[in-house]
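Residue numbers (the working numbering), protein chains in the order written: chain A, 1334 to 1449; chain B, 74 to 232; chain C, 253 to 642; chain D, 112 to 267; chain E, 4 to 361.
Derived by calculation from the structure, the hints in this document are not laboratory data. Note that the structure is predicted; figures quoted are calculated from it, not measured. Just to be clear, a hint being listed does not mean it is correct.
[As the list claims (entries may be wrong)] Straight-line C-alpha distance at most 30 Å; calculated DSSO-like pairs for lysine-lysine:
no., chain 1, residue 1, chain 2, residue 2
1, B, K78, C, K477
2, B, K121, C, K458
3, C, K517, C, K458
4, C, K446, B, K201
5, B, K96, E, K338
6, B, K106, C, K446
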Amino acid sequence: MGPIALLILTIAAILFSAGGILVSKFLVRGSVNAQKGQPYECGIPAEGSPWNQFNVGYYLFALLFLIFDVELIFVYPWAVVVKKVGWMALVEIAIFFFILFTGFLYAHKKGALKWM
Amino acid sequence: MAFLKQYISEIYQAVSSLLKGMKTTGSYFVRPKEIITQQYPDNRADMKIPERFRGEVVMTHDENNEHACTGCTACELACPNATIKIVTKFDTTPEGKKKKALDTFVYHLELCTMCNLCVEACPTSAIKMAQTFEHSVYDRSQLLKKLNKPGSKLRAGVE
Amino acid sequence: MYRETKILNVDSKVSPIGGDLEGAVGADEGELVINVGPQHPATHGVLHLVITLQGETIQKVEPHLGYIHRSIEKMCESLSYRQFIYVTSRMDYLSAHINNHGCALCVEKGLQLEIPPRAQVIRVLMDELTRIASHELWWGAMAMDLGAFTPFFYAFRERETINDIMEETCGARLTMNYMVPGGVMYDIHPNFQKRVKDFIQLFNNKIDEYDDLVTNNIIFQNRTKGVGILSAADAISYGCTGPVARGSGVTCDIRKLYPYEVYDKVAFDEIIETAGDSYARYLVRIKELRQSVRIIEQLIDNIPDGDFQAKTKAVLKLPRGEFYSRIETARGEFGVYIVSEGGTTPYRIKFRSPGFSNLSALDHMSRGSKIGDLMAIMGTLDLVIPDIDR
Amino acid sequence: MTNGEIKQHIVTVRPNGVFDETGEWLQVQVDISEWKTFAQWLRNDALQMDFLFCLTGIDWSATATGKTLLTMVYHFTSTVFRHTLVVKVKLDRNNPEIETVSDIWRTAEFHEREVFDLFGVKFLHHPDLRRLVLTDDFEGYPLRKDFEDPINMIKL
Amino acid sequence: MFSLENITDSSQKWLYATFNSTIALVLQCVIVMLLVISLFAVLGLVLVLMERKVAARMQIRLGPNRVGPKGMLQTAADTLKLMMKEGLTPDGADKFLFNLAPFVVMIAGMLIMAPIAFAKGFQIWDINIGVLYVSAVSSVSVIGILMAGWASNNKYSLLGAMRSGAQIVSYELSAGFSIVSIVVLAGSLQMSDIIASQQTGWWLFRGHIPAIIAFVIFIIAVTAETNRAPFDLAEAESELTAGFHTEYSGMKFALFFLAEYINIFIVCAIGATLFLGGWMPLHVGHWKGFNHVMDYIPSSLWFLGKTFFLIFLIMWFRWTFPRLRVDQLLSLEWKYLLPISMFNLLLITLIAIMGWHF
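Next comes chain A alone, as it looks inside the complex (with noise of 0.2 Å):
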């Protein structure tokens, strides 16, 4: 179809949600109370706010990927080639991939990858 598919998906999930909601606003009577709003912690009111600084060992690893992701890009045009280009790309990739590979390694040295 071209690119209005996506116009035409994106459209239709919105749809489909908004329809879902819609539906269910009109059934439902809801009642409003204050434990209503609060935020679930196992039957106790929360104590503080979850939006504080606090450490978490999820942000090296989500930059670990972002290095390791923009790698596997230039791996899709080279994949497409591959045939045509014969011996050359593997040598070529496996070139690229030993790079890669010890950059890998030197953050596992480094503990980037054990978990804090």
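Chains B, C, D and E: place on chain A using the hints.
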């Protein structure tokens, strides 16, 4: 190379242990005979409740509407939860003597823990445990029961 | 007659929330305080843990108890020596028989009562069946805590078989009240021996299936090995008993150390693992299943004839003094301490429940591990909350 | 070790201890002022009582002799020698205070909190003495004999 | 022979013949829209029911069997129930992001539908960079999950969302490498080309052992990417109650739930396309008769059969394995899957260049 060898054998063992687990669940998937679900309200007719099952306390009455309870309150004393309350009255025997007898056997099912101590304590085996288990009602007051049937009297010969 | 319940004023404790970016109350920088329980899928029952996290690493675990506290010790002070036993089924409801047994033993100790051999064997058989049933439920729930749902149903299939046997002989499935001072309440059902033998035959095959599904599973092993390590010295200091202490290499099986009933006449092994981690505690329980089966196999065909109950007076009176009995439940050492003033009711009664002491080691064991590990540790502690709160 | 041997050991450090040998295990009563040092001696010296398996209190106020008496009862076992000892300490019921032993046996931390909660015994130097099973604003100590709760207690 | 291709072709011809081109295009758009929406609804109903039935059979239970014949209408009843539920928004939540998150997840799920070939010639948009498009759009859903977790003002949600973020981005790498290895063999990024290149046999069989390794890694990686057990740490209910959607209720929760199942369908469809030949029937060497019989089965059935087989596999995982811990999850990716998949890609390249594949 020893590292590589260990690396590969680790992966092999991991995958084989996972496959073993999948074999177990998979084998149940293809054997629907193993299903053990009982479809409760539907199978009520052929459900077997063991005769010792302790569902609730009942008083046995024979065909003449006679029971064996002398109103001795042994069960009331044995009960840990004050489930049983026995109201007594005074009957006059044919000889003109006044005699203590059972008026109402009040039983609070909502307090009962089915511990069987009252049945054990009863000297005349007047009460026993029934095998019913569907006790839910809409109102708690419906759980308060009178165990002796209206108009029932003490069976002759029971002391 | 009906009790009024005080309704707690929830609003008074509600902290104002909103766009408060200043930082959590009572937490250091970078720390996050979260509540696990009383309404949480992993705390089986109403245990409330306040966890201080640094990232996903646990800094501190603080158990808050009392959601199911019924003051059973106070209740028992007004119940007679026959009556109070039934309440103890409600403490550790998964090993109700063994709790009742412990109380009956203590009363018998006070009365200096001789138990007929038939009753002794029946009691041991019931205890071991209960132990299997309890470990079954623990196994299923433990796997479920770690995210595998299916083992739970397999465990319940076997547990239901035991429950059916119990129902037939004792008249109830969970809170049996079958042990009475002097023996058991009534004789075993005629079908009992046959059904137990059938069960054991079925069960021996199923344990291998458990190993395939959980014990040898690489993910499960990774989740439990090296997690929640408790050293032998710590286990003793924290008063841990049962599989928790035995997983740390402490000999503490009351059945071996201070044998009661016929445990000194049957052959079985006390399972000791020395690693002290969650996997060791897991292995202890799984191996105990086989030992329980072994005990049952030895006794099921050798139930002596005779009375199932010793002759006792209608009203029991313990002499003045103090009596203590210890018994091995599925979770560890259960102690009953009765102080008698010579009356028909105990003057003071204390239940030393295994879960209470085991729980106190939780904070020590889980410091420095992940939230996911906490579930593995809690799973292997095998806590029953009513047993802790009493 | 037999009860006699344990007694001999204890007599060497506490000559004025009151012994009771009628029960299954040896019972010894020590003075409240000596309790902490005695506890340390129990744990570390000849007796090696490393396992505190039961810790509780008894309120004697309902008896004729003990109107103002509250005793703490400690049950010890040694995992080395497998002997058992019961230690009792008498407290003043109106102002019960005793040194904590939670630094010697870690399990005492929870047990002492429980006794504090239900009997109102104050454990001096306890790291975290709060109510354990009851709510923080609960009034009274339920396991004391004179405790009354008109709402939740049913008189049989 | 019955074929979806004929239907789409003739309906398109009829549209353009009857109306002028603008109206025809609009009508075509509306038809596509209705088709995908109904596909979404039907997939949700079928997959949830399938999951529950599969789980029940493995757990020696009967599963849903009360609503409709053999419980067929159970999920319809559930949907109705969820519609009747009140959709709560916590007071402290970031209301805009909180309400936006389910839309983002749904849009991401819907957009990946575009290049999937449901049957011969039945494809919404045969984009020439199909495979790249899929791996790009599939990472949009992580934004929705992060948004949901952050906006809820709930500690469990936040932790769940963080975990989910780290997990999805990590596993995307090894999934990407597995996909690239098929691209190397097929020499094209276009879905229809990849399917066409499997005319003589599926890549799973033609690519020797490296293709099988790539397939296994792909399945593991997509299981993790869709947050399915044993990688369901984002909603690990024994640790974080319900993870990132703890605070969601009613229809908004239903959308997350639906999106999860749609994502499973999509990744399995891509797996089926890349490794199992999409709608291509199974052909075995020179068995002419056998191949002929296989040709008679409609291509849409082939596609759905393969996809549902993969879905069943993923469900089988879920009902067998315990959950990994968060650090083990990442070390599995970074220490095992990623190095292996990189090495595997080199092997596949060698095979492709030497023409060793069948």
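Among the hints numbered above, which are violated by the structure, and what are their numbers in rising order? none
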